[in-house]
Amino acid sequence: MNAVQAAGAASFLGRFEGLRERLPGDREIRDRAAAAFRAGGFPTVRDEAWKYTSLRPVTEASFYEPLLSVADGGDLLAELPVLDGPRLVFLDGRFRPQLSVLPENIEVGTFAETAVFGRLARPDRDPLVALNTMLTEDGAVIGVPDGVDAGLLQLVSIATDVPGRAVAFHPRHCIRLGRGARLMLLEMSGGGGTYLHNPVTEAYVADGAVLVHVRLQDESRTAYHLSTLYAEVARGGTYDSFNLNLGARVARTEVHARLKGERSATHLNGAQMLGGTQHGDFTTIVSHDAPSCASRQTVKNVLSGRARGVFQGKIEVARAAQKTDGYQMNQALLLSPEAEIDSKPQLEIYADDVKCSHGATVGELDAEQLFYLRSRGIPEAEARSILVRAFLTEALDAIGDDTVRASLDRAVDAWWGKQAA
Amino acid sequence: MLEIRNLSASVDGAAILNGIDLAVPRGEVHAIMGPNGSGKSTLSYVLSGREDYEVTGGTVLFEGRDLLAMEPEARAAAGLFLAFQYPVELPGVGNANFMRTALNAVRRARGEEELDAVQFLKIARAAVKQLAMPDDMLKRNVNVGFSGGEKKRNEMLQMAILKPKLAILDETDSGLDIDALKIVAEGVNAQRGPDFTALVITHYQRLLDHIVPDRVHVLANGRIVRSGGPELAHELEARGYAGFADAA
Ligand SMILES: Nc1ncnc2c1ncn2[C@@H]1O[C@H](COP(=O)(O)OP(=O)(O)OP(=O)(O)O)[C@@H](O)[C@H]1O
Ligand SMILES: [Mg+2]
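These protein sequence lines map, in sequence, to chains A and B. Position 20, counted from 1, in the first sequence is what the working numbering calls 20; the numbers after and before it change by one each time, with no gaps. Position 211, counted from 1, in the second sequence is what the working numbering calls 211; the numbers after and before it change by one each time, with no gaps.
There's no promise every hint is true.
[Stated by the list, open to error] Straight-line distance between alpha carbons at most 20 Å, and here's what the computed SDA-like set of lysine to any residue pairs gives: (1) B:K139 x B:D116; (2) A:K260 x A:G178; (3) B:K139 x A:E394; (4) B:K139 x B:K182; (5) B:K165 x B:E71; (6) B:K139 x A:L396; (7) B:K151 x B:D135; (8) B:K151 x A:L370; (9) A:K355 x A:G178; (10) B:K139 x A:A39; (11) A:K418 x A:D397; (12) B:K139 x A:Y52; (13) B:K182 x B:Y204; (14) B:K151 x A:Q369; (15) B:K151 x B:A96; (16) B:K151 x B:K163; (17) B:K163 x B:E114; (18) B:K151 x A:G236; (19) B:K151 x B:L131; (20) B:K129 x B:A117; (21) A:K314 x A:L67; (22) B:K139 x A:L120; (23) A:K314 x A:L120; (24) B:K139 x B:A126; (25) B:K129 x B:A96; (26) B:K163 x B:G145; (27) A:K323 x A:L347; (28) B:K139 x A:K314; (29) B:K163 x A:P379; (30) B:K139 x A:R389; (31) B:K139 x A:D397; (32) B:K139 x A:Q369; (33) B:K139 x A:G400.
Honestly, the hints are just simulated from the structure, not real lab data.
Use the sequences and the hints to build the structure in full.
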């Protein structure tokens, strides 16, 4: 740890000391997390897992505890493509009943009330998870009973902009699906100004259950988004996720998916559209623990300006996980000569009867396609946007639900609007 | 309508067009024939503004305007249309959307009102029917998975929708079956009149039996080496290009 990083970590540790007595839940778990964070601090680019993503700007910034917000947040909520129907809204990391619409067929609560830490998160290994565990105050607790198809639920995070007082918040979400249950969870995050959003999510998918998790990260362009999700999938269950990353100055979306039961499956698809000096990191670790499981990942990156995209995809296949089917593809479209993509696939295979493949492509817009469109009268800028959208379409097509898809399309449209402005 | 004077162009430093002179008066249909590699497609790309073709000399006037100074999209808006010899596939782009975007871009540039999806579909469906194309053609991605002939028909569909003043058909007949050839020829003939000028590039007399050209030009080694009436095409069919290459 260098001096700046130590100072950055120290201010969070200081906050923990101040709040320790008042924070909900098992104090021992928090103390252990604090000890881990004290020992390791923020990761640096010398850590293998953080080779391509520097948290220096996070450690150099000063963050404050969110105050009880006086703003009602309705204006920020309106900027996100929220759909009709039930939603849980968190403002600066705290549950806001006034902005929420509670679902009927799902058990929902908050971490502030239940204060139960799950068993999937690894504060001992993941420094940001240690930070979250140490300081978390609130989060969504969602449970779908056995056999219930809960339909759509939205989980929204918005951050208020208090100039000169950048806030940091560390929500802790937990989603449990009973046997054969189904849920379509549409998660969105956005906000104004500079802040750190550091959520940790645990998803438990029981036998035959299906969790479709579509996430839109559309944070303020001066914010930091560092999210870690752990999913555990039992026999015949599916964790099917799509991550659309559009916002933040520095973002890392880290997903650990463990296929624990036979014939379970996961899709960790995603797309990143980054411009200016944005940095977006999509890191996945899929653990095949049981036989006959399948994992699929297609991640597309559209990078313009001096943006930098990172994809790290690790597939671990345990000795017992025979007949594993793993697929991973990372594609990047570089719209400017200064844009950059780093792609690191990693296979760790201990079983012998396994089908695993990965690939990566990097390219620019196709000159012939561009000319074809322009020869039909379509102006160059519009022709470019058509081709970029076409590139993304293949990724977005993975989202089966039309209304959810339309919500993400709206976010992509807005992204283009911001680029043009 | 179109006046090409001493036009030279090169690709990757290789000279392909070596001083083309060609004038197509308004309302006429001219055919260009010539051996493989003689520069026919190059000419059509240069006229429509492809950037990797470098114009090394000469001028092109389109309705009196300096065509070579215009962006490709401006040429289309001015009424130029190229039916590609090898139409380009656009995965992820729906055919109907593509054509509506194109039509509206052209209409916008001309100061005309844009069409909404309903208005557009009416026009597009009528054109699809006229070209005897299957209905689902509009729903598919542009040229993706189309057969060779379907791609050519899709070019004709775009022409029917965009209604250009000057159409360049680059071997649109190659790959078409006999019925499709007739339908395409009828489509072109239906547009013939004082407001429609065309440059038809082909290797076969067969097409010119249906679309009877006003003039026929022979392009060899990047030059027009001979021009004549429709009978020139018959002569070529009988004798081939032997002797033309050095006639320049
Ligand atoms: N990008 C390129 N680099 C080098 N040579 C090229 C390139 N594009 C075209 N050429 C050459 O230019 C010449 C003319 O090509 P063009 O496609 O214009 O011929 P064409 O008359 O249309 O032939 P065809 O009847 O086969 O369609 C050919 O010799 C071709 O190989
Ligand atoms: Mg050709």
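Now for the hints, and whether the structure bears them out:
no. : hint            : verdict
1   : B:K139 x B:D116 : 17 Å, holds
2   : A:K260 x A:G178 : 15 Å, holds
3   : B:K139 x A:E394 : 16 Å, holds
4   : B:K139 x B:K182 : 25 Å, violated
5   : B:K165 x B:E71  : 17 Å, holds
6   : B:K139 x A:L396 : 18 Å, holds
7   : B:K151 x B:D135 : 14 Å, holds
8   : B:K151 x A:L370 : 18 Å, holds
9   : A:K355 x A:G178 : 30 Å, violated
10  : B:K139 x A:A39  : 59 Å, violated
11  : A:K418 x A:D397 : 23 Å, violated
12  : B:K139 x A:Y52  : 42 Å, violated
13  : B:K182 x B:Y204 : 14 Å, holds
14  : B:K151 x A:Q369 : 15 Å, holds
15  : B:K151 x B:A96  : 14 Å, holds
16  : B:K151 x B:K163 : 18 Å, holds
17  : B:K163 x B:E114 : 15 Å, holds
18  : B:K151 x A:G236 : 44 Å, violated
19  : B:K151 x B:L131 : 12 Å, holds
20  : B:K129 x B:A117 : 18 Å, holds
21  : A:K314 x A:L67  : 39 Å, violated
22  : B:K139 x A:L120 : 46 Å, violated
23  : A:K314 x A:L120 : 18 Å, holds
24  : B:K139 x B:A126 : 15 Å, holds
25  : B:K129 x B:A96  : 14 Å, holds
26  : B:K163 x B:G145 : 26 Å, violated
27  : A:K323 x A:L347 : 15 Å, holds
28  : B:K139 x A:K314 : 38 Å, violated
29  : B:K163 x A:P379 : 18 Å, holds
30  : B:K139 x A:R389 : 17 Å, holds
31  : B:K139 x A:D397 : 16 Å, holds
32  : B:K139 x A:Q369 : 19 Å, holds
33  : B:K139 x A:G400 : 18 Å, holds
Comparing the model with each numbered hint stated earlier shows that hints 4, 9, 10, 11, 12, 18, 21, 22, 26, 28 do not hold.
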